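Asks: Sequence:
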Amino acid sequence: MQPKMTMKNQRPTVADILALKGRRQLTMLRVETLEEAQAAERAGVDMLSVPPSLLTPEFREAAPSVFAVPGLEYGDFVTAEEYIRAAFKALRAGGDAVYCAASLATVRRMRNEGIPVCGHVGLIPSQATWTGGFKAVGKTAESAFEVWRQTKALEDAGAFAAEIEVVPVPIATAISERTSLFMISMGAGAGCDAQYLFAQDVLGSNRGHYPRHAKVYRNFSAEYDRLQQERVAAFAEFVADVQSQVYPGPEHTVGIPQDELNRFLKELSSS
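Positions 1 to 271 (our numbering) are the ones given, in order, by the sequence shown.
Don't take every hint at face value.
What the hints assert, rightly or not - Here are the simulated EDC-like cross-link-like pairs (lysine to aspartate or glutamate), alpha carbons at most 16 angstroms apart as the crow flies: (1) K152 x E177; (2) K89 x D76; (3) K21 x E35; (4) K215 x E230; (5) K152 x E113; (6) K21 x D201; (7) K21 x E155.
For the record, the hints were derived by calculation from the structure and aren't laboratory data. Small disclaimer: the values here were computed from a predicted structure and weren't measured.
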């Protein structure tokens, strides 16, 4: 495992991230729970994508030194002011930058306020209808050059990074080499600056479709099935114990001295 980019419990800055461009590949995971965040911290993951709701004091206790990028989900906000307000809230709560797939004008407004923004190029799920659905982008010279134009536009708007998703490896590599943006690959090969996967894919807890770029390292779905069977069995044993009067037993209840019980029953009978 490679060492973290900073000393333990010291979070990297945007400047630290950018200084590593071209030096070594960083790792990034999308996590949804505090347990996943803590596991990522302990495993040495560099960057985390998180829902803003996960940014609590408990999050920073669980993951004190990861670079956290809360996602301002496309469509949850409309105006630049709404995005800016949400971004400041996320940064105050412990985020280090924000993901934003809104317009270039919104990205520019956020950068003018000093907010570090990570944009998105290639396959953008929230806008996939414009590129033909959930499939690779940049497989023709024309579409590849459009990804390059998007990247340069984000750079000009003041973003510091961009996720590049499901773009052919040579295209993503050439773009990463020619932009100052920190390029985060999701299915775009090792020529970028970081590799990004979803924790649910890594853990094998996704019961639906696994994207081609995902690599499954564990089979949590099978473990969840086993735990559910154990849950049902435990509940059934509880029901059986109650019905057969095995539960509660003496070890599960509170006693009373016999003389105190006798006094109570005497008072009760005379009341």
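Asks: Next, verify each hint and record whether it holds.
Replies: Verification of the hints:
1. Our distance criterion of 16 angstroms between C-alpha atoms is met by K152 and E177, whose separation comes to about 12 angstroms.
2. Proposed proximity of K89 and D76 is supported: the alpha carbons are some 14 angstroms apart, at most 16 angstroms.
3. For the hint pairing K21 with E35, the CA-to-CA distance comes to about 29 angstroms; that exceeds 16 angstroms, so the pair is violated.
4. For the given pair, K215 sits about 28 angstroms from E230 by alpha-carbon distance, which is inconsistent with the 16 angstroms threshold.
5. Between K152 and E113, the direct Cα distance comes to roughly 20 angstroms. Violation of the 16 angstroms bound is thereby established for this hinted pair.
6. A threshold of 16 angstroms between alpha carbons decides the hint, and for K21 with D201 the separation of about 26 angstroms lies outside it, so the pair is violated.
7. The hinted pair formed by K21 and E155 meets the criterion: a straight-line CA distance of about 15 angstroms does not exceed 16 angstroms.
Of the numbered hints given earlier, the model fails hints 3, 4, 5, 6; all others are met.
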